[in-house]
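Colleague: In case you want the letters, here they are:
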Amino acid sequence: MSKPVLPDGFVAVVKRDCETCQTVVPVLQQLAAATDLTVYTQDDPDFPGDPEAIHDADLAVSWHHDIETVPTLIRVVDGQETERTFGWLQSEWRTFTGIDDLGEGLPPMRPGCGSKSVDPDLVDELAVRHGGSILRSRRIEVAEAEDEIEMMFTRGWSDGLPVVPPTEQRVLKMLSGTTRAPDEVVATVPPDLVDASVEKVAIAAVMAGCLPEYLPWVLTAVEAACNDEFNMHGLLATTMPVGPVLVCSGPGTRKIGMNSGINALGQGNRANSTIGRALQLVVRNIGGGRPGEVDRAAHGNPGKVGFCFAEADHESPYGTLAGQRGLDDDVDAVTVFAGEGPRGVVDQLSRTPESLANTLAHQLQAMHHHKLVMAFDAILVMGPEHARVFADAGWDRDRIIFELHMRLTTPFDELVRGAGDIDEGIPAQAASGFLAPDTSDGPTSLPKFRSDGLMLAYAGGGAGLFSSIIPGWVNGETGSKPVTRAVQY
Amino acid sequence: MSTRTILDPTGEQSVAERARLARPASLEGLTVGLLDISKPRGNVFLDRIEERLVGIGASVKRYKKPTFAKPAPVDLRHEIATECQVVIEALAD
Amino acid sequence: MHDISDLELRGVPGVFVASDQFVTAAESQSKSLGYSAMARVFTPHPIQDRTDEEMIAYADAAFDQIVSRVTAG
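Taken in order, these protein sequences are the chains called A, B and C. Residues 1 to 489, numbered by the working numbering, are exactly what the first sequence covers, in order. Residues 1 to 93, numbered by the working numbering, are exactly what the second sequence covers, in order. Residues 1 to 73, numbered by the working numbering, are exactly what the third sequence covers, in order.
No lab work stands behind these hints: they were computed from the structure. Bear in mind the structure is a predicted one, so any value in this text is a computation, not a measurement. Every residue, glycine too, gets a C-beta built ideally from N, C-alpha and C. It is possible that part of the hints are untrue.
[Unchecked claim] Listed next, the stretches of chain C that the computed footprint assigns to chain B, with coverage defined by at least 3 CB atoms under 8 angstroms from CB atoms of chain B:
#1 2–8
#2 12–23
#3 37–44
#4 53–61
From just these sequences and the hints, can you work out the full model?
Modeller: Rendered as structure tokens:
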């Protein structure tokens, strides 16, 4: 519904349930006699009676004209408001109207009351009734006897868990989490290459269970995932068990209550659980990426419902993953990584960095297959207890990664197909150099990771001498490159 | 609860059917736009339609799009939408 | 047909007039626009070789139908 035009002259908005409005009734009578006055009443259609009022029954006039206080007196010229005053201040009303004896005998000042159109119990409903027209998505009626959550399952819009029905009210509220316009295109979503507007992403965020303050993170994740570099399309189409993994960092993660501590990679935190899920619902419902269709994963992994966690960047001895990838450590950022489910590394006895690095290297080498190298990246997530071993020894991020690379270089003859009585492995002709090993050992050995293929993140509970490896999908041009983006609010 | 209407979460690639707009009771006193698609002889047809419309109390505004081969330019569509209450487009063959 | 479809989206009820050669095309096009119900009226074919008198006769014959498609009466 469009904004109702106010009649020229003076317009007063009042309600009976406000003592100040009752106080100014004689003033309204005086104004009605001397000027063109139109009175709108928000509650009782018979108030004030004299002068007669128009009942703003659906509060359209009040809502569209941003009435926050009653009484409000507005001057309207040629259908346009030129000025307004609210509450009762005798001197101001007299100047405003040019009537010198206006409200003679009344107290000089009475504060106004809250407009019914800003009543907290009504405000969401009014936003839908009068502001819902900003939403462009198709409206779908849920038949009387139908359960909307069941209906969303039936239509194929769920990832297998119940989704929150995206009502206009909920979507409008979600959109309050960003300053971006609802019709702004966020990204073109694979595999169907459909433009996703801020509104459509907000719908997915509602369905995933997000709060409005998570929306900027979801929008950033969608932007980071839907581009050629990250290659979300390939990630869907692969038979490997990978999905988009979101690593969030910056002070904003704490503002929205993300978990970077105990069970950071697990369940139970609303922001962690829903931000990653919202991205996957965008891919499913807007992009059309559904398992068994374009998504060809042989096994998948439970993280494909949504895999998102925060780094404890404020406590990290080696900065953030976003920092490693070129942003400032204190920037709110999202890194999206094509990853599998995490696997734990146990080492409860290493007291020296060398010993712990040896353990981590062995487990990283085993990722996917110990004889397959340079094809996959990984994120190593350390918590306080393992990270402390390195920090105490003065190893910073670069040193840790360097030392791991040193331990992750394997003689070629151990990797070649057939070696160790295992058919899987590197083709023999790789020794002649097409993998271009960048180690000092020359072509007789190969590193597990390409030079920037091993990333560190910092998260986890204070007790537990464990780390977690998130193995990646095929890297580089044919696969996926991690993408890091600063959060746009 | 106002959860009985929900917003479509999909990319809306499949076309949804829509219904005709509500029609006025009569054309009397309304401004009717005649949009000539620029095919030969269409103007004669529209001239007659104009006469008949005026005869039943409508006022008529004439528009012509540059070519029948393409949709009317957005400015023209906007102009018609702001100036007319009803529109008649003719004459395709 | 795109014009009428768009103008209706802009709030202006409309009708599309074409010769009866256009019946099938109009049907499939309106469907692809998601607007099968689009109002349309057909005149006889051919058009381009008709005299003024013949065109006026077409217009007179179609007039009531055209009006009925854009009014609720």
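Colleague: Could you run down the list of hints and mark each one as holding or not?
Modeller: Now the hints, each set against the structure:
| no. | hint | in the structure |
| --- | --- | --- |
| 1 | 2–8 | holds (count 6) |
| 2 | 12–23 | holds (count 10) |
| 3 | 37–44 | holds (count 4) |
| 4 | 53–61 | holds (count 5) |
Hint compliance for this structure: no hint is broken.
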